[in-house]
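Protein sequences appear in the order of chains A and B.
Residue 1 is where the first sequence starts when you use the working numbering, and the numbers rise one by one after that.
Residue 116 is where the second sequence starts when you use the working numbering, and the numbers rise one by one after that.
Think of the hints as simulated: they come from the structure by calculation, not from any bench.
Don't take every hint at face value.
[To be verified] Quick list of the computed label-pair ranges, beta carbon to beta carbon: (1) A:S27 x B:H188: 28 to 34 Å; (2) B:L164 x A:N79: 37 to 43 Å; (3) B:T135 x A:S65: 40 to 46 Å; (4) B:R173 x A:G40: 24 to 30 Å; (5) A:S7 x B:Q129: 37 to 43 Å; (6) A:T14 x B:E120: 32 to 38 Å; (7) A:R63 x B:P194: 39 to 45 Å; (8) B:S166 x A:G56: 23 to 29 Å; (9) B:S141 x A:L39: 22 to 28 Å; (10) A:S65 x B:R173: 41 to 47 Å; (11) B:T135 x A:E52: 38 to 44 Å; (12) B:F133 x A:Q18: 47 to 53 Å; (13) A:T20 x B:N207: 31 to 37 Å.
The structure displayed is predicted, hence computed values, not measured ones.
All C-beta atoms, glycine included, are put in the ideal place defined by N, C-alpha and C.
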Amino acid sequence: ETGVTQSPTHLIKTRGQQVTLRCSSQSGHNTVSWYQQALGQGPQFIFQYYREEENGRGNFPPRFSGLQFPNYSSELNVNALELDDSALYLCASSSPSGSPYNEQFFGPGTRLTVL
Amino acid sequence: KNEVEQSPQNLTAQEGEFITINCSYSVGISALHWLQQHPGGGIVSLFMLSSGKKKHGRLIATINIQEKHSSLHITASHPRDSAVYICAVRGNFGNEKLTFGTGTRLTIIP
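Required output: the full structure, derived from the provided sequences and hints.
Now the structure itself:
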């Protein structure tokens with residue numbers, strides 16, 4: 001059983017650019033959640049995908065968008081990057097909602113720096 | 116006021132000491148998670164609980180649903196336990212996002 005993986009591990013972009021972060025969910029998990037963690041803060045929920053559909057969204061602007069693919073891997077896209085987007089982006093996968101086993105398992109994160 | 120509050124924010128202790136980290140929340144939840152985050156960012160799930168108590172090795176987690184409070188205990192603490200410990204709560208069915216506390220930075224001195 002493979003765990004949650006994310007790529008890339010580190011990324012440096014400049015203001016106004018666009019970025020795509022990727023996440024492969026744990027085997028058997030069809031739900032993926034994305035979180036943003038600014039330095040010294042707890043993670044903040046961005047959105048969740050369940051069976052390729054957005055299933056809940058936090059307080060993030062529309063320039064944060066996502067996708068989930070048939071194999072349940074997921075992408076987080078951020079357009080028009082701002083300096084405040086610099087953060088650790090975490091992906092977590094879980095099994096179907098309502099399951100007693102739907103604990104979230106986290107990937108190692110992608111550290112994004114916007115200059 | 117944050118929905119999830121942790122205390123203390125920082126904790127330094129000597130190796131061998133018994134450690135307690137507290138978490139209080141103000142919303143209805145379906146489960147509470149205790150997570151460990153080491154420098155570099157990776158998060159490891161320690162416990163997920165919705166009632167009672169769980170134990171894994173030197174770690175014990177308890178939750179009191181009526182009081183909306185949970186504690187994470189570490190017995191016989193060791194320098195390798197040094198990390199940030201984060202409490203996160205999952206909403207009720209239909210709102211299952213995780214809401215995180217800001218974490219407790221634990222440093223164990225040899």
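Comparing the hints with the structure gives:
1. A beta carbon spacing of about 32 Å between A:S27 and B:H188 agrees with the range 28 to 34 Å that was offered as a hint.
2. In this structure the hint that B:L164 and A:N79 lie 37 to 43 Å apart at CB holds, the actual value being about 39 Å.
3. Hint check: B:T135 to A:S65, Cβ distance near 41 Å, so the stated range 40 to 46 Å holds.
4. As the Cβ distance of B:R173 to A:G40 is approximately 27 Å, the hint placing it in 24 to 30 Å holds.
5. Taking the beta carbon of each, A:S7 and B:Q129 are about 40 Å apart, inside 37 to 43 Å as hinted.
6. Distance hint check: the CB atoms of A:T14 and B:E120 are about 37 Å apart, consistent with the given range 32 to 38 Å.
7. Here the CB-CB span from A:R63 to B:P194 is close to 42 Å, well matched to the stated 39 to 45 Å.
8. Range check, B:S166 to A:G56: about 24 Å between beta-carbon atoms, so the 23 to 29 Å window is met.
9. For the pair B:S141 and A:L39, the supplied restraint of 22 to 28 Å holds, since their beta-carbon distance comes to about 25 Å.
10. A:S65 and B:R173 have their C-beta atoms about 42 Å apart, which keeps the hinted 41 to 47 Å range intact.
11. The hinted window of 38 to 44 Å between B:T135 and A:E52 holds, with their beta carbons roughly 43 Å apart.
12. A hinted range of 47 to 53 Å for the beta carbons of B:F133 and A:Q18 is consistent with their spacing of about 49 Å.
13. Between A:T20 and B:N207 the beta carbon distance is about 33 Å. The supplied range of 31 to 37 Å therefore holds.
Against the hints set out earlier in the document, no violation occurs for any number.
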